[in-house]
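Asker: What follows is each chain in one-letter form.
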Amino acid sequence: MNVTFKVRRYDPSNNGKGEHQSYSIDVDGDTTVLDALTQIRDEQDGTLAFRGSCRSGFCGDCSMRVNGKAKWTCRMTVGKAEKDGEISLEPPRLVTVVKDLIYDQETFMFDKYKAVKPWIEPSGPVPEGEYLVPQESIRDIQRAMSCTLCGLCDEGCTVLVVDKTFLGPAALTKAYRVMADPRDGKMGRRLRDLSQKRGMWDCVHCFEATEHCPKGIDPTDLIFAMRDEAIKRGIGPPRVVRHHDSFAASVKSSGWLDEARLVIETEGFLNPVGLARLLPTALRAMARRKAPIPYLHSKRKGADKIKRIFKKWEATKK
Amino acid sequence: MKYAFYPGCVSRGGCPELYPAAVKVLAKLEIELVELTDVGCTGAGVLSREVSDPINARTLAKAEEMGLPIMTICSTCQGCLMQANHRLKKDPAYREQINRDYLAEEGLEYKGTTDVKHFLWVLEEDYGLDKLKEMVVNPLNDLKVAPFYGCYLRRPPEVVVPKGKESRKKALESTISALGGEVIAIKGKGKCCGFPILIPNERNSLEMCGNHTLEAKDKGADAIVTPCPLCHLELDGNQPRAAAQKGRKIDLPILHLPQLVGLALGFTPKEMQMQRHIISTGTVEAKARPKATVQS
Numbered sequence: 079m080n081v082t083f084k085v086r087r088y089d090p091s092n093n094g095k096g097e098h099q100s101y102s103i104d105v106d107g108d109t110t111v112l113d114a115l116t117q118i119r120d121e122q123d124g125t126l127a128f129r130g131s132c133r134s135g136f137c138g139d140c141s142m143r144v145n146g147k148a149k150w151t152c153r154m155t156v157g158k159a160e161k162d163g164e165i166s167l168e169p170p171r172l173v174t175v176v177k178d179l180i181y182d183q184e185t186f187m188f189d190k191y192k193a194v195k196p197w198i199e200p201s202g203p204v205p206e207g208e209y210l211v212p213q214e215s216i217r218d219i220q221r222a223m224s225c226t227l228c229g230l231c232d233e234g235c236t237v238l239v240v241d242k243t244f245l246g247p248a249a250l251t252k253a254y255r256v257m258a259d260p261r262d263g264k265m266g267r268r269l270r271d272l273s274q275k276r277g278m279w280d281c282v283h284c285f286e287a288t289e290h291c292p293k294g295i296d297p298t299d300l301i302f303a304m305r306d307e308a309i310k311r312g313i314g315p316p317r318v319v320r321h322h323d324s325f326a327a328s329v330k331s332s333g334w335l336d337e338a339r340l341v342i343e344t345e346g347f348l349n350p351v352g353l354a355r356l357l358p359t360a361l362r363a364m365a366r367r368k369a370p371i372p373y374l375h376s377k378r379k380g381a382d383k384i385k386r387i388f389k390k391w392e393a394t395k396k
Numbered sequence: 009m010k011y012a013f014y015p016g017c018v019s020r021g022g023c024p025e026l027y028p029a030a031v032k033v034l035a036k037l038e039i040e041l042v043e044l045t046d047v048g049c050t051g052a053g054v055l056s057r058e059v060s061d062p063i064n065a066r067t068l069a070k071a072e073e074m075g076l077p078i079m080t081i082c083s084t085c086q087g088c089l090m091q092a093n094h095r096l097k098k099d100p101a102y103r104e105q106i107n108r109d110y111l112a113e114e115g116l117e118y119k120g121t122t123d124v125k126h127f128l129w130v131l132e133e134d135y136g137l138d139k140l141k142e143m144v145v146n147p148l149n150d151l152k153v154a155p156f157y158g159c160y161l162r163r164p165p166e167v168v169v170p171k172g173k174e175s176r177k178k179a180l181e182s183t184i185s186a187l188g189g190e191v192i193a194i195k196g197k198g199k200c201c202g203f204p205i206l207i208p209n210e211r212n213s214l215e216m217c218g219n220h221t222l223e224a225k226d227k228g229a230d231a232i233v234t235p236c237p238l239c240h241l242e243l244d245g246n247q248p249r250a251a252a253q254k255g256r257k258i259d260l261p262i263l264h265l266p267q268l269v270g271l272a273l274g275f276t277p278k279e280m281q282m283q284r285h286i287i288s289t290g291t292v293e294a295k296a297r298p299k300a301t302v303q304s
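Chains A and B, in that order, give the protein sequences.
Mapped onto the working numbering, the consecutive letters of the first sequence carry residue numbers 79 to 396.
Mapped onto the working numbering, the consecutive letters of the second sequence carry residue numbers 9 to 304.
It cannot be assumed that every hint is accurate.
What the hints assert, rightly or not - Computed spacing ranges between beta-carbons, pair by pair:
#: 1; chain 1: A; residue 1: 133; chain 2: B; residue 2: 195; range: 26 to 36 Å
#: 2; chain 1: B; residue 1: 138; chain 2: A; residue 2: 146; range: 30 to 40 Å
#: 3; chain 1: B; residue 1: 119; chain 2: A; residue 2: 294; range: 27 to 37 Å
Source of the hints: derived by calculation from the structure; they are not laboratory data.
Beta carbons are placed, not taken as given, at the ideal position from N, Cα and C, and that holds for glycine.
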């Protein structure tokens, strides 16, 4: 089949201006997009720059946007990708481009990767020989271990769009992989580090990362697990911890959420500055009768049953 | 058509306009509801799954006893209940453990047969948009509406959009069209509204709210419609602060899905409690006002 590839070009020597360049090529529909691109470079334009290492769906080095959606190009065939005989190829959205489809991985991912200290730090003495991990622990961290740092989860992340300094799901996945390893002894410190600004509490748990991950790792699930562990240990930004504790206390005592209590307790009763910040929103809500006066929060009918579930769960944590 | 109705905390708390509006619309459509009154909050992604899964299993078991599917009117309730249901259905050993440790004492057992559906999906899949069209007495022909789903009606895909249910990805657009309105496509329709990070990172949260509302406004929308009251809290309640951060006037009305349906079914904006929104819905009310009919 004859397909036109519209490739985003970027040449730093040409004032950094980017433009699309079209290449026509005759290939089988079963050819991968990456192989077709390689053929274009070999036969038509040796200056075309892109990455692609294993070419067999393992390393994730060939990530780029195919018709606007980030994909591994070695896993996608031309026949599936083409739309009306055309395929557009661009670098991911949130990166600094070096040349054509090659981008700066250092700032996009590696700096954040380093920030989560992606190595095991044992707290006690290390055995001289092999340091074995029990099978059941391996099962838990295997998902996170299969991450190749292709960056597609970061590419899909909703938060990075508004704030490039957010750690992002790729680095947080690595953080999980290390702290869930029984050989690591620094879970408390790691959770405190991840609770700093731009860390795991900035995740909106929108499941975009889960949808984008080609390895089925489910980074959102891992972030939830780390946040649960932090809350259990009372670790987190103070307002986040108060928000959680108030949420849990109101469901535990009444079966459902007492929103007025949640808002006030999150700021803290003894925090006049925080409470004052709420005032404009509260006044607007009262003026529109969105916040009813007087405010009453009654127990749900099954509240005692919900409380029993809470108590049983709390007993398992002791 | 009959459902075990799970209205959720926010429809009577932070968005007290949603519950009465939804109940009126559902009654008009003759969709019968048996409200689940003695069940707990879903956990909303705030509580650990270790405790929210048993609470949700209890809700699912209650509906199972009634022999009814659950209907929600909140994307977040829908997502949390549905994800818990997914875990409980696919892993019988896990379900067994929750039954034994948490539900047995109350004489309950969840067998894994309950389905959970958001009002949007009930309209599109069970009620049918053709039938809805027939019920429209006040087509919203002059209204340009941007859809905004809320994350949990979009993802994770294997839970939310199983095989054969692909029309869910466009259900909001299809519903707006069925009501006579014009769909304004926005890129942010399936993205996060920003509400979940209002506490840890207000700046990022308001940035998201500002981006979505401004995108809809700049594309000419009269309103955004959402099936999620938490998105409503953010896009409506926090819009004034987002506008201040963005340095731009926004003033874009945000409607709950049942309110949009209600206007087309002939309810007044007051009956749909639209006066309780933070952002005035005046422009929507003017454009959705029933046309004077010529008497022959």
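Asker: Next step is simple, just say for each hint if it's right about the structure.
Answerer: Hints and how they fare:
1. As the Cβ distance of residue 133 of chain A to residue 195 of chain B is approximately 32 Å, the hint placing it in 26 to 36 Å holds.
2. The hint said 30 to 40 Å for the Cβ distance between residue 138 of chain B and residue 146 of chain A, and at roughly 33 Å that hint holds.
3. Range check, residue 119 of chain B to residue 294 of chain A: Cβ separation about 28 Å, and the 27 to 37 Å hint holds.
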